[in-house]
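Participant: Here's the letter readout for the chains.
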Amino acid sequence: MALAQADVLAGLKEIVEEVAGIPGASVELDKNFTDDLEVDSLSMVEVVVAAEERFGVKIPDEAVTDLVTVGDAVNFIVNAAK
Amino acid sequence: MPSRRVVVTGLGATTPLGGDVITSWSALLAGRSGVRLLTEDWAQTIPVHFAARVAQEPSETMERVEMRRLDRSEQFALIASREAWKDAGSPEIDKERLGVVIASGIGGVTTMLDQYDILREKGARLVSPHTVPMLMPNGPAANVGLELQAKAGVHTPVSACASGAEAIGYAFEMIRNNRADIVVSGGVEAAIHAMPMSGFAAMKALSTRNDDPTRASRPYDLNRDGFVLGEGGGVLVLEEYEHALARGAKLYCEIAGQGLTSDGYHIAAPDPDGAGVQRALKFALRDAQLTTKDIVHLNAHATSTPAGDVAEANALRAALGADADHVAVSATKSMTGHLLGGAGAIESVFIVKTMQDRLAPPTINIENLDPAVTVDIVRDKPRALPAGDIAALNDSFGFGGHNVVLVFKSL
Numbered sequence: 001m002a003l004a005q006a007d008v009l010a011g012l013k014e015i016v017e018e019v020a021g022i023p024g025a026s027v028e029l030d031k032n033f034t035d036d037l038e039v040d041s042l043s044m045v046e047v048v049v050a051a052e053e054r055f056g057v058k059i060p061d062e063a064v065t066d067l068v069t070v071g072d073a074v075n076f077i078v079n080a081a082k
Numbered sequence: 001m002p003s004r005r006v007v008v009t010g011l012g013a014t015t016p017l018g019g020d021v022i023t024s025w026s027a028l029l030a031g032r033s034g035v036r037l038l039t040e041d042w043a044q045t046i047p048v049h050f051a052a053r054v055a056q057e058p059s060e061t062m063e064r065v066e067m068r069r070l071d072r073s074e075q076f077a078l079i080a081s082r083e084a085w086k087d088a089g090s091p092e093i094d095k096e097r098l099g100v101v102i103a104s105g106i107g108g109v110t111t112m113l114d115q116y117d118i119l120r121e122k123g124a125r126l127v128s129p130h131t132v133p134m135l136m137p138n139g140p141a142a143n144v145g146l147e148l149q150a151k152a153g154v155h156t157p158v159s160a161c162a163s164g165a166e167a168i169g170y171a172f173e174m175i176r177n178n179r180a181d182i183v184v185s186g187g188v189e190a191a192i193h194a195m196p197m198s199g200f201a202a203m204k205a206l207s208t209r210n211d212d213p214t215r216a217s218r219p220y221d222l223n224r225d226g227f228v229l230g231e232g233g234g235v236l237v238l239e240e241y242e243h244a245l246a247r248g249a250k251l252y253c254e255i256a257g258q259g260l261t262s263d264g265y266h267i268a269a270p271d272p273d274g275a276g277v278q279r280a281l282k283f284a285l286r287d288a289q290l291t292t293k294d295i296v297h298l299n300a301h302a303t304s305t306p307a308g309d310v311a312e313a314n315a316l317r318a319a320l321g322a323d324a325d326h327v328a329v330s331a332t333k334s335m336t337g338h339l340l341g342g343a344g345a346i347e348s349v350f351i352v353k354t355m356q357d358r359l360a361p362p363t364i365n366i367e368n369l370d371p372a373v374t375v376d377i378v379r380d381k382p383r384a385l386p387a388g389d390i391a392a393l394n395d396s397f398g399f400g401g402h403n404v405v406l407v408f409k410s411l
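Those sequence lines, one after another, are chains A and B.
All residue numbers for the first sequence refer to our numbering, where the first residue is 1 and numbers rise by one.
All residue numbers for the second sequence refer to our numbering, where the first residue is 1 and numbers rise by one.
Hints were generated in silico from the structure; no laboratory data involved.
Fair warning: this is a prediction, and the values are worked out from it, not measured in the lab.
Okay, derived cross-link-like pairs now, DMTMM-like style, lysine to aspartate or glutamate, Cα gap no bigger than 20 Å in a straight line:
| no. | chain 1 | residue 1 | chain 2 | residue 2 |
| --- | --- | --- | --- | --- |
| 1 | A | K58 | A | D72 |
| 2 | B | K250 | B | D389 |
| 3 | B | K250 | B | D20 |
| 4 | A | K82 | A | E53 |
| 5 | A | K82 | A | D72 |
| 6 | B | K293 | B | D376 |
| 7 | B | K381 | B | E367 |
| 8 | B | K122 | A | D61 |
| 9 | A | K13 | B | E63 |
| 10 | B | K122 | A | E53 |
| 11 | B | K282 | B | D263 |
| 12 | A | K13 | A | D30 |
| 13 | A | K13 | B | E66 |
| 14 | B | K122 | A | E52 |
| 15 | B | K86 | B | E60 |
Build the full structure now, drawing on both the sequences and the hints.
Facilitator: So, in C-alpha cells, the structure goes:
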C-alpha cells in the first residue's frame, strides 16, 4: 500500500511526541533525531517499533543507523510501503 | 584525621499519607491510616484486597514523558529526592564529593511483570528498550545520581525490608570515611501488584482483614494477622557537619552511629531470641558513644506480624533493660503499611521530624495490647518528648535475617 510523504510525516510527529515529548511542530524533515530532537538510542528503538506498527512496514535494525534525520525515516517508510 | 560528623540537612518523602514530608507528617500525628481497598480488577482475584498506595500519584507532579521511561520505584525516588535536595537548599557542591545511596527491596518488579506480559502476548519486538534500566534494583539510585550528577559513588544495598535503613547507614559511612561531603540517601518500593502480593500472601505474611482495611495494620495488637503492603519512599540528605555549617545549612539532627548484624537463623522467620537485634542495638550505641540512658524514642520495625512484633519487643526490652521504660516506641507502619525497602527510609524521615517537633507519632489500631509486649508503646495520640539533648533509634529487619539500627542525636 502506497503511503503519502505528508501522512508519514504527520504520523512520525505523533510518535515522536508520544515517545520523547517533542512537540510535533518541531519534528520537521531536516531535523536530526539525536542532535535536534534529543531522541536517544533507547527512545529511537521505541520510535522505530511504533512506526512499524503504525505504517505496517519492517524497519530492520541495520537500516536504523541510516535514519539520521526525520526525512530519512519518512523516505524509508514510504519506499518500504511501495 | 579528626572524626567526621554526619548531619541531616534535607528531607523528602512520598508516602501513603502524603506526597511530601509535611503532609505525611501531619497525617501521621493525626493518626490517619493510608491503607485502602485496591480498585484494580486483579485485587479481587488474590487473597488480599487492600494495600497502602501513595497518597499522591506521581503523574500529579511529573511529566508524562519522564514517567514512561521510569519504573514507579524510580519515580518515587526522584520525587522524594527533589524535595529533599530543595529542602537542603540545593547545595553547591563539587560533584566528585556528592554521592547517592538509595535502596529498594525488590526493584522494578512491576516493570518486569508488565514487560513479561507484553513478551508473551505480543512478542520480543514490542518489549520496551527501557525495560532493563527500569527493572534493575539500582535504577532508583542511578536516576537520582544522574539528575544530581553525583560522582562520589551511587550505591544500592539490598537487604529486603532492612534496605532503606542500610542505605542510610551506607551513606553515613561514605561521609564519615571521607568519600563524600553530601550523600542523598533513602529507600523506595513499588511492589503493589498481584504477583508479589500473592507471594507474600502465600507465606501468610499479609493481613487478610479485607472487611476492615484501615484497621488491618495493627502492630502489637493481640489480633494482628500480618502486614499491609505499602509503597512510596523517603530520602534524607546527609552532610558532613563542618560542610553544612560552612554553607549555613539548616541542621535537623546528627546521625551518630549504626549497628549491623545478621541472624544466621532462618530465611524469613525472626530469631525468637532476638540476639541479632540486640547485638545491632548494642553496636549502634557503642558506635554513637551513647548509652541506653540517652534514648528517648524508637521507631520500631513492628510490621504487624504475629511472630515479628513480639520477637522485636523482647529484643528491645532485653537490650535496653530498665531504660526501655523511658523509650517511647512508635510503630508508624500502623498508618503507612509496610514499604519494604522504603520502610527504614520513611521511618528515618519520621524520626528526624519527631526530634524536631519533640513529638513521637502514635501507633494506631491497638485494641488489645498483646501482653507479651513489654515496651512502652505510644498509642492513639502523639506523645511529647523531653527538651534538651535526646537520641532516638530506628531499627529495621529484613527477610534473610538482616538487622540494622541507626542512631539519631539532637544537635
